[in-house]
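Engineer: The lines below spell out each chain.
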Amino acid sequence: MSADIKVDKIMDLKGMPCPMPVVKVSKGIKEVAIGQVIEAHTTDPGALADFPAWARTSGNEILKTDQTGDVIKFYIKRKV
Amino acid sequence: MDIVYYIVLVPMVYVACVIFVVGTVVRLVKLFMTPKHSATLQIFPERRPRWLWALGDAFLLPATRRYKPFFWVVLMLFHLAFLLLIVGHIELIAEIKPFQVIPHEVFLGRGFVGLVLALAVLYFLFRRFVSPTKDLSVPEDYYLLILLFLSVLFGSQMDWARRWYGYDSLSAADYREYLSGLLYLRPHVSIDLTASGHSFMLLLHVFFANLFLLFLPFSQLMHSIFSLPMNKLRRG
Amino acid sequence: MDTKTRDELLKLFQSKLNQTMRLYLETCTRCGICTEACHAYASMGQVRYISAYRHEIVRRIYKRYFKGRGKLWPSVGEAKELSETALDELYEAAYSCTGCRRCMMYCPFGIDTQMLMSIAKLLLVGAHAEPEILTMLADTSIEKGKSLDIFKESFLAGIKRLEAEVVKKWRIEAGKKAIPIDVEGADLLYVALAGAHSIIPAAAVFNAAGEKWTLSFFEAVNFGAFVGDPTRTRLILDRIINEAKRLKVKEVCICECGTAFRTMKQMSGKQPFEVSAITEVHARYLRAGRIKVDKSRFKKKPITYHDPCQIARNAGVIDEPRYILRHLTDDFCEMSPDPRYNWCCGGGGGLVALGEDNLDFRMKSARVKVDQVKATGAEILTTACENCHTQLSNLNDHYKMGVDVQFLSSMVADALVQ
Chain X
1 MSADIKVDKI MDLKGMPCPM PVVKVSKGIK EVAIGQVIEA HTTDPGALAD
51 FPAWARTSGN EILKTDQTGD VIKFYIKRKV
Chain R
1 MDIVYYIVLV PMVYVACVIF VVGTVVRLVK LFMTPKHSAT LQIFPERRPR
51 WLWALGDAFL LPATRRYKPF FWVVLMLFHL AFLLLIVGHI ELIAEIKPFQ
101 VIPHEVFLGR GFVGLVLALA VLYFLFRRFV SPTKDLSVPE DYYLLILLFL
151 SVLFGSQMDW ARRWYGYDSL SAADYREYLS GLLYLRPHVS IDLTASGHSF
201 MLLLHVFFAN LFLLFLPFSQ LMHSIFSLPM NKLRRG
Chain A
1 MDTKTRDELL KLFQSKLNQT MRLYLETCTR CGICTEACHA YASMGQVRYI
51 SAYRHEIVRR IYKRYFKGRG KLWPSVGEAK ELSETALDEL YEAAYSCTGC
101 RRCMMYCPFG IDTQMLMSIA KLLLVGAHAE PEILTMLADT SIEKGKSLDI
151 FKESFLAGIK RLEAEVVKKW RIEAGKKAIP IDVEGADLLY VALAGAHSII
201 PAAAVFNAAG EKWTLSFFEA VNFGAFVGDP TRTRLILDRI INEAKRLKVK
251 EVCICECGTA FRTMKQMSGK QPFEVSAITE VHARYLRAGR IKVDKSRFKK
301 KPITYHDPCQ IARNAGVIDE PRYILRHLTD DFCEMSPDPR YNWCCGGGGG
351 LVALGEDNLD FRMKSARVKV DQVKATGAEI LTTACENCHT QLSNLNDHYK
401 MGVDVQFLSS MVADALVQ
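Note that the protein sequences, when read in sequence, are chains X, R and A. First residue of the first sequence? That's 1 in our numbering, and the numbers climb one at a time after it. First residue of the second sequence? That's 1 in our numbering, and the numbers climb one at a time after it. First residue of the third sequence? That's 1 in our numbering, and the numbers climb one at a time after it.
Calculated from the structure, these hints are not laboratory results. Remember, it's a predicted structure, so these values are computed and weren't measured experimentally.
Footprint (simulated), chain X over chain A, 3 or more residues, beta carbon under 8 Å:
1) 131–141
2) 145–152
3) 159–173
4) 196–210
Computed list of chain R residues with no C-beta within reach of chain A, every gap over 12 Å:
5) 8
6) 165
7) 168
For every residue, glycine included, the Cβ atom is placed at its ideal position computed from N, Cα and C.
Modelling step: build the complete structure from the supplied sequences, incorporating the hints.
Structural biologist: Below, the structure is given as structure tokens:
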């Protein structure tokens, strides 16, 4: 977990094939309140393009992206 | 009663034929003026020449033979009998030499063409009363088959009567006189045609055939024309 | 449904009415020959899954609004109003159909159910009643095309992390990139899926064959086609077409994704590049001796191949996978019936992308596929489509089939030899 961001929900999407990570996140974000943050873990490199594009079309915000080892972590704030 | 005979045997036939021809032409023109689908709709693997395979698909129904062999036999018999029936009617208008390659008496098929057709139509109709074909069918599917059955039944009855029961009040020559008169726009309904014991058979046959013709251009019976181009689409 | 909405939906319906569509709408005799063609009907026995039944859901609305007969005498053809209920029926028909076109083989006239379902899907999009996941995914894809610069750097970094994996499978010369991206003048543009499994094996094989290739920034899959929206389908296609033109490649190679391949191959129009499936490219490399594979790699395990409908029956890639498999095994078991009549896996048409929402239906409707695979006695079930792979893996778990589901391209990469 990133020190400066308060995370409300963690989603483990590791090993899931495309397009499941973005599908799961788009559903998962509706389970937190507006203003809350999801931390999503994925191993899918395509997510690096999918998540920012999804955030733009859905109106949510990616606060931060971490790439450590094989795992990519997204911190996504629900805005709508 | 004579007026009813006249209306059914003359003006109604003309109206039916005009609507049949005009309706068919208009429908074809409208359809073939519409833009085509831009991408291919082909099914693979490809077989060449494509038009020959499409012809085979349209007339021999290979998939039906593979999966529904009994239905295929009935379908084939029906369509073959239907074709012979058309030939038979043309021969009732005038003598056509090429059709006599195999010498035969008019009407073609010794009564069996009509019998096969009537039985096939009954089979088509009855299978529509059974699920799952019942669940797919809509009223027009039944109406058309009933119309066709009635038309075939009364038409064939005239043939059967002459062939099988020795009934000879109405001969092929009488029908030829009536039909060629219609064709050359000199309609004449002779007293022989309307006063014989079997005249009502003719009346009903022509009446139902007229209805069938009237409905044909607006129905799925146009598959008779569309089948080939559609099969060509599938073959690419 | 209010008049304005209905009118708008009917305009959308009208936009689909080309000559072919009218032929498909006007010719069906409801003979029922297609009854057993659909895997969903064959597996579940419910009338609503018969192709002709699905057609009628669309056809009844067509008769009501576009045919004189339906206005004058609606009951004769059971012409039907476009209403909320009709939309529910359209949804049920369209999203239980995988668009495999197996029924098209049965139909004496060759009526294409996928085409008719595309009307249903477009009406659902117009009424905002389509599965929103598919639209969301399509919009995400389109957004990627618009804002490439935003994610470019992080994407490049992500891809770079995969290079070590590629080199493990096939060593490359020092100074060469294991996954080249954005290379102008490359011969081949490889359009993968977003997952590493779609990039690493393919990269190893391209490198082994000495191909001058470059990886696309975009994923191949076309969610616009799944959701049946022609505008979105086109925008998603255009991203790749524009990239291919910009890089001046001679060939666009589509990864193992049936819809992506068929859409690109048949809908992209005349372009300055060829479109091929990765299976075709691998077969070509083997034929030319550009790659060699070790047959002993999959020894003692009988292998069968599932033909993805959109790649085989609907796009003609049938001999190539078999050619590849002859190099990978001596124990290949062909499925019966043959590719023309092959059963769909049950996951096409966007159904797999709906994930767990329709898992129950996907499992029940594909029982015939499971029986077909079991009859081969194979231990490895290979295929060349992501959707099929996901669905077959789900079936494998659900029905405890005990097979090893593999991508054909991964098998080629795993068996590469110097």
